[in-house]
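**Student:** Chains as they are written, first to last, in the numbering used here: chain U, 443 to 882; chain E, 153 to 510.
If you are wondering where the hints come from, they were derived from the structure by calculation, not from laboratory data. From a predicted model like this one, the values you see are computed outputs, not experimental measurements. C-beta: ideal position from N, C-alpha, C; glycine also. Treat each hint with caution, since some may be false.
Subject to a maximum C-alpha distance of 20 Å in a straight line, what follows is the list of computed SDA-like cross-link-like pairs (lysine to any residue) [to be verified]:
#1 U:Lys499 <-> E:Thr254
#2 U:Lys606 <-> E:Asp304
#3 U:Lys499 <-> U:Asp750
#4 E:Lys363 <-> E:Thr254
#5 U:Lys878 <-> E:Asp257
#6 U:Lys499 <-> E:Gly469
#7 U:Lys606 <-> E:Gly469
#8 E:Lys363 <-> E:Asp304
#9 U:Lys689 <-> U:Pro623
#10 U:Lys606 <-> E:Tyr471
Between beta-carbon pairs, the in silico distance windows are [unchecked claim]:
#11 E:Arg496 <-> U:Phe739: 33 to 39 Å
#12 E:Trp329 <-> U:Met515: 33 to 39 Å
#13 U:Glu706 <-> E:Ala470: 49 to 55 Å
#14 E:Leu386 <-> U:Asp753: 57 to 63 Å
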Amino acid sequence: MEDMLLYHRLQFAFTITFHYLFPQLTMGLALMIVWFKGKFLLSGDERWNHLAHFWMKIFALNFAMGVVTGIPMEFQFGTNWARFSELTGSVIGQTLAMEGMFSFFLESSFLALFLFGERRLGHKLHFLTGFLVFLGSWLSGLLIIATNAWMQHPVGFEILGNGKFVLTHFGALFSNPWLWPAYLHNQAASLVTTSFVIAAVGAFYLLNGRQVEYGKLMLRSGVIAGLISSVLVAFPTGDWSAKNVVKYQPVTFAAMEGLFETSEGGAEIVLIGQPNMLARKLDNKIAVPNVLSFLTFQRWHQPVQGLDQFDESLWPTNVPGLYYAYHIMVGLGTLFIVLMAVAAYYLARGSLFSRRGVLWALLMAFPFPYIANIAGWYTTELGRQPWLVYGLLPTAEGSSFMVSSGNTLFTLLGFVGLYFLLGLLSLLLAGRIVYKGPRA
Amino acid sequence: MELFWYVVLLSMLAMYMVLDGYDFGAGIVHLIFARNEADKRAIVNAIGPFWDANEVWLIASGGVLFFAFPMLYASSFSGFYLPLMIVLWLLIFRAIGIELRTFLDNRLWRVLWDASFGVSSLLLALFFGVAVGNIARGVNLGCVEDGVSHCDPQYFFLPLWNPTFDPRAEHLGVLDWFTVLIGLIGVISLFIHGSNWIIFKTNVSIKERLKQMAWRMNFVLTFLVILTLSLWHLIHPHPLRNFFVHPWLWVFPILTFSALAAMFRLRTFRSEHTGFLWSSLFLLSAFASTAAALYPAFLPSSNEVNPPLTPWNTAAGAYGLGVGMKWFIVAAVLVGIYMVVQYRVFSGKLDDSGYGTH
């Protein structure tokens, strides 16, 4: 029984983690390509159009991988989480069905026009198809996060006698206070990934001494977008999101911060330390006093609730995992701001393109926004445990009871093997596109 | 309200079958008949701009099923766990086959991804036929053994097969002689349908050969359809009850057989799109006939203990369904507009639409 739940959870976690490597780049890149194409239309400078064409190749590959790993997600609510689907389908079915009807059709219909229709359409209509693909992908993100927001902070529903959740207020799904901060935070983070990838490819060309002209354009766009988005991820969107956690999931907040005991006076912010679940404290802690109270309540000496305020049955199931996920996200996010600020400084001074140290740093940095994005989602999802619908439906009661652990392990192993292949192919082919460069 | 969503869902699945059906059929032709690179490329180009949007019909149908009939979604997706996962893997192999074949200009690379595309298309056609067969046959709702339910009355679980391959056994499997028979109908009919699409949208060198093959396969298809109908009463004792209660339903089987008959002329149609229209009509009306025979069941029960799953005992809350109707109508109009734009821009022959040449 325990194994069964574990495999269902592992399979969903594995497939969604792998899937989200792709959409975070799709969403950001859609915006950047529209930007490049727009620059071309306004300035008439062919180089911007070449830049758009180059990134469209990466986009096509990335989009295809996103689609093929995304279809299993839509299925797995039913295959692996049947009881959850049965009980909550009347509510979250709304946003998921809307995603299919409003965004997938939009994206998929115009994607082919965008990728292969430039000759048939002309530049202005081509720009429009790019914009529609961008719109579709961002709408898809919105509807997924609306679904997740409902699971984090359920609104607009009632529970019937048979345990089923039914929708009573459609508008509430979109005025959910959890939704908009989470959405904006996520979209800004997707732009961070994209701008780091663009900047890294630019740095690669400059360091290599090939495609230098395009490398410079990429570095300029990547660094400017990277600085703006790295800042937006933290302030205000990250700040808003954290305040939502304090307000609606205080026990999660305590676990994220590694706060085992409620502070007397101001709470310290932990920079480093390992949660020791036996002793209920952090080992090897480095912390700054009072900062957490200030960030949370804008008052230096206000106490923050620790885990000791809550019954242990309400604690997130995996406190150390949650703590690390959160600290990895925040730590990396801080480094992103620093790196992009330094790069932007040299860009403004006009010396970025010859600073090989900074270029190397930009080149090597591109995997980390992926890690930060995934860590962010682990913070959200581990923070929701042990609930599927926060405070109302325990995870243990939501899985497919009819599917035995042997069957689930079989498909989990299948996905691991298949996705390993997909990962290799993506890296190989994206590497090849980058190596060939915008001017073949 | 439930009836509205029942019709919507079935219509979306029917759209999926016709649209992605020609993709699968094109994959089968690509696998078995296309020999030179120009033909292979033309076939991929003919579905290239559309296959992704066609597949969205499946995903969107899944979404609408989840939204409108969560109970049915939960029961059928967990009960058909293994075949659905296999379908997912095949969809992945098919998609990367189409997308990756042109990435490297190397013969071995292309042979590999062509095989991935073709074989998964063939197996998908088979599996979707088998899926229809499973729904037509029904499943052991409530896991009944010796007249006693062993799980909740709305749930079940099917292994891939039971050793007897008998559709009337107490322990059913996904594959038995009845469902495999319908699987074969799926393969043959989608092969004909895909050939018709290729004849319509390309100038491949094998066109005459395809017409000849599709014409021959139509004999096989007709035989299989008649065979299935003559065996149907072994699965359901009164297969025609709905048709006698509501005589207007006869229109569906009549259309099915008219389309079958018309396809015997497919070597001599004057316009190259005529064949495609007839095979679309065949798929749609055969699907509608099956649904009409099973109504009101979505998923029949193979035992006497538990009732079938119907739109009425699986639907979501009335308020949600009502709100959904409003946004759905808006979305459906938009989807219609997208399709018009898409098929207009990519009208005519697509041999060198340049799909995949980045």
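**Student:** The structure should be examined with respect to each hint, and the outcome stated for every one.
**Tutor:** Here's how the hints hold up against the structure:
no. : hint                              : in the structure
1   : U:Lys499 <-> E:Thr254             : holds (12 Å)
2   : U:Lys606 <-> E:Asp304             : holds (15 Å)
3   : U:Lys499 <-> U:Asp750             : violated (52 Å)
4   : E:Lys363 <-> E:Thr254             : violated (28 Å)
5   : U:Lys878 <-> E:Asp257             : holds (14 Å)
6   : U:Lys499 <-> E:Gly469             : violated (44 Å)
7   : U:Lys606 <-> E:Gly469             : holds (9 Å)
8   : E:Lys363 <-> E:Asp304             : violated (51 Å)
9   : U:Lys689 <-> U:Pro623             : holds (13 Å)
10  : U:Lys606 <-> E:Tyr471             : holds (14 Å)
11  : E:Arg496 <-> U:Phe739: 33 to 39 Å : violated (58 Å)
12  : E:Trp329 <-> U:Met515: 33 to 39 Å : holds (34 Å)
13  : U:Glu706 <-> E:Ala470: 49 to 55 Å : holds (53 Å)
14  : E:Leu386 <-> U:Asp753: 57 to 63 Å : holds (59 Å)
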